[in-house]
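Residues 897 to 986 (this note's numbering) make up the sequence shown, in order.
Be aware that one or more of the hints could be misleading.
To be verified - Pairwise CB distance ranges, derived in the manner of DEER restraints:
hint, residue 1, residue 2, range
1, Glu934, Pro972, 30 to 36 Å
2, His962, Cys982, 27 to 33 Å
3, Glu934, Val966, 29 to 35 Å
4, Glu954, Ala928, 16 to 22 Å
5, Arg979, Arg950, 15 to 21 Å
6, Thr969, Pro930, 27 to 33 Å
7, Ala939, Gln965, 26 to 32 Å
8, Ser947, Arg979, 17 to 23 Å
9, His962, Pro931, 19 to 25 Å
10, Val966, Ala935, 31 to 37 Å
11, Ala928, Gly978, 28 to 34 Å
Derived from the structure by calculation, the hints contain no laboratory data.
All of these numbers come straight from a predicted model, not from anything done at the bench.
Using N, Cα and C, we set each Cβ at its ideal position, and we do this for glycine too.
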Amino acid sequence: MKITRQVHATLAAALLAGCVAPATGPTPKDAALPPLPEAVIAAAAPWQDLSTARLRPEDGCYWYEHDGQVERTLLPLRTPEGRPICTSAG
Numbered sequence: 897m898k899i900t901r902q903v904h905a906t907l908a909a910a911l912l913a914g915c916v917a918p919a920t921g922p923t924p925k926d927a928a929l930p931p932l933p934e935a936v937i938a939a940a941a942p943w944q945d946l947s948t949a950r951l952r953p954e955d956g957c958y959w960y961e962h963d964g965q966v967e968r969t970l971l972p973l974r975t976p977e978g979r980p981i982c983t984s985a986g
């Protein structure tokens, strides 16, 4: 009986760990983001949500939140030609 409780507790902890949102994922809609540079706004394709765009230090590129049917996901901010908008060529 004691082993069964330990197994259930371990399984419950593992399942709940999957519910934690990643730190680099989407932010709440009311979270303040720094303003985008004018050059980024001018280069971005019009169908993207610039109000949620931010620079990710991990890759030096701008990303925005896309509201899908099921979840919000971060997508790279792109030009109308489909090129990602980044601070460096790397």
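Quick rundown of the hints versus the structure:
1. Glu934 / Pro972: 30 to 36 Å: Since the Cβ atoms of Glu934 and Pro972 sit about 19 Å apart, the hinted range of 30 to 36 Å is violated.
2. His962 / Cys982: 27 to 33 Å: This hint is violated: roughly 18 Å between Cβ atoms.
3. Glu934 / Val966: 29 to 35 Å: holds, 34 Å
4. Glu954 / Ala928: 16 to 22 Å: Hint holds: Cβ distance 20 Å, inside 16 to 22 Å.
5. Arg979 / Arg950: 15 to 21 Å: Given range 15 to 21 Å: holds, Cβ gap about 18 Å.
6. Thr969 / Pro930: 27 to 33 Å: violated, 21 Å
7. Ala939 / Gln965: 26 to 32 Å: This hint holds: roughly 28 Å between Cβ atoms.
8. Ser947 / Arg979: 17 to 23 Å: Hint holds: Cβ distance 21 Å, inside 17 to 23 Å.
9. His962 / Pro931: 19 to 25 Å: holds, 20 Å
10. Val966 / Ala935: 31 to 37 Å: Holds: the Cβ-Cβ distance is about 33 Å, inside 31 to 37 Å.
11. Ala928 / Gly978: 28 to 34 Å: Because 29 Å falls inside the window, the suggested range holds.
When each numbered hint is compared with the structure, violations occur for hints 1, 2 and 6.
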